[in-house]
Amino acid sequence: NAGVTQTPKFQVLKTGQSMTLQCAQDMNHEYMSWYRQDPGMGLRLIHYSVGAGITDQGEVPNGYNVSRSTTEDFPLRLLSAAPSQTSVYFCASRRRGNYGYTFGSGTRLTVV
Amino acid sequence: GQQLNQSPQSMFIQEGEDVSMNCTSSSIFNTWLWYKQDPGEGPVLLIALYKAGELTSNGRLTAQFGITRKDSFLNISASIPSDVGIYFCAGPLIQGAQKLVFGQGTRLTINP
Chain A
1 NAGVTQTPKF QVLKTGQSMT LQCAQDMNHE YMSWYRQDPG MGLRLIHYSV
51 GAGITDQGEV PNGYNVSRST TEDFPLRLLS AAPSQTSVYF CASRRRGNYG
101 YTFGSGTRLT VV
Chain B
1 GQQLNQSPQS MFIQEGEDVS MNCTSSSIFN TWLWYKQDPG EGPVLLIALY
51 KAGELTSNGR LTAQFGITRK DSFLNISASI PSDVGIYFCA GPLIQGAQKL
101 VFGQGTRLTI NP
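From first to last, the protein sequence lines stand for chains A and B. Residue numbering for the first sequence follows the numbering used here, starting at 1 and increasing by one per position. Residue numbering for the second sequence follows the numbering used here, starting at 1 and increasing by one per position.
To be clear, the hints were calculated from the coordinates, so they are not data collected in a lab. One thing to keep in mind: the hints can contain errors.
[What the hints assert, rightly or not] Just the calculated beta-carbon pair ranges, DEER-fashion:
#1 A:GLY3 with B:ILE67: 32 to 38 Å
#2 B:GLN14 with A:THR70: 48 to 54 Å
#3 A:GLN22 with B:GLY16: 41 to 47 Å
#4 A:THR70 with B:GLY16: 46 to 52 Å
#5 B:SER27 with A:ILE54: 24 to 30 Å
#6 A:ASN65 with B:SER77: 41 to 47 Å
#7 A:GLY40 with B:ASN111: 18 to 24 Å
[Claimed, not checked] Only some residues are given here: those of chain B computed to face chain A with a beta carbon under 10 Å:
#8 GLY40
#9 VAL44
#10 ALA48
#11 GLY105
All C-beta atoms, glycine included, are put in the ideal place defined by N, C-alpha and C.
When you get a sec, could you build the whole thing from the sequences and use the hints?
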């Protein structure tokens with residue numbers, strides 16, 4: 001099992017550009033989430049999904065869109081990148097009934 | 001906003017020393033999770049606690065679920081160099097169990 005796979009690992013965007021951060025898991029987990037990590041802030045929830053076709057907002061959803069067309073994939077879209085979105089982004093998944101999330105290795109995004 | 005407060009924010013210890021850190025909240029949690037993050041990687045689950053008063057060990061790590069359900073503690077005995085990293089507490093919000101919130105982390109540095 002590969003676990004949770006995130007691509008790309010690094011990305012530099014110009015302000016106003018859009019892009020999609022990819023996340024895939026091969027563990028058949030029902031729940032998936034996106035977090036961003038900023039220095040001294042811990043991890044903050046952006047969006048989450050409890051199953052294919054179902055998504056909801058987390059703590060910091062503005063500027064991001066998600067969709068969940070399959071159990072395996074949960075892409076995160078930045079609509080119009082801003083410098084405030086410079087961060088490390090983590091995708092995570094878990095099985096229903098088990099609160100222990102499995103995290104990917106992250107995407108480090110810089111918006112200039 | 002941030003609902004979990006971790007203390008201390010950073011620790012500098014000698015190899016072989018014991019480590020104690022804690023996590024507190026103004027809200028009640030029914031589950032406490034402790035994660036460790038190595039540089040450049042995503043967090044990895046260390047210990048999960050599901051009942052007030054529960055004491056659980058994982059090798060040299062021991063975690064406790066506070067009786068008030070508003071705090072949790074993590075102890076590391078006889079620290080070794082590979083214990084270096086950032087330790088996060090986390091828990092699912094009762095009103096939205098899919099939403100896992102994280103503390104801001106405790107950074108552990110070990111002098112050999």
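Hint check:
1. Hint check: GLY3 of chain A to ILE67 of chain B, Cβ distance near 35 Å, so the stated range 32 to 38 Å holds.
2. Taking 48 to 54 Å as the suggested C-beta distance range, the pair GLN14 of chain B and THR70 of chain A conforms, at roughly 49 Å.
3. Our hint of 41 to 47 Å for GLN22 of chain A and GLY16 of chain B holds, since their Cβ atoms are close to 43 Å apart.
4. In this structure, THR70 of chain A and GLY16 of chain B meet the distance hint of 46 to 52 Å, their C-beta atoms being roughly 49 Å apart.
5. The given range of 24 to 30 Å is respected by SER27 of chain B and ILE54 of chain A, whose C-beta atoms sit roughly 25 Å from each other.
6. Between ASN65 of chain A and SER77 of chain B the beta carbons are some 45 Å apart, a value that agrees with the proposed interval 41 to 47 Å.
7. Judged by the Cβ atoms, the range 18 to 24 Å given for GLY40 of chain A and ASN111 of chain B holds: they are separated by roughly 23 Å.
8. Taking 10 Å as the C-beta cut-off, the interface hint given for GLY40 of chain B holds, the closest approach to chain A being about 7 Å.
9. For VAL44 of chain B, the interface hint holds, the least distance from its beta-carbon to any beta-carbon of chain A being 7 Å, beneath 10 Å.
10. With its C-beta approaching chain A no nearer than about 5 Å, ALA48 of chain B sits inside the 10 Å limit, and its interface hint holds.
11. Among the interface hints, the one on GLY105 of chain B holds; its C-beta lies about 6 Å from the nearest C-beta in chain A, closer than the 10 Å criterion.
When held up to the earlier numbered hints, the structure conflicts with none and fits them all.
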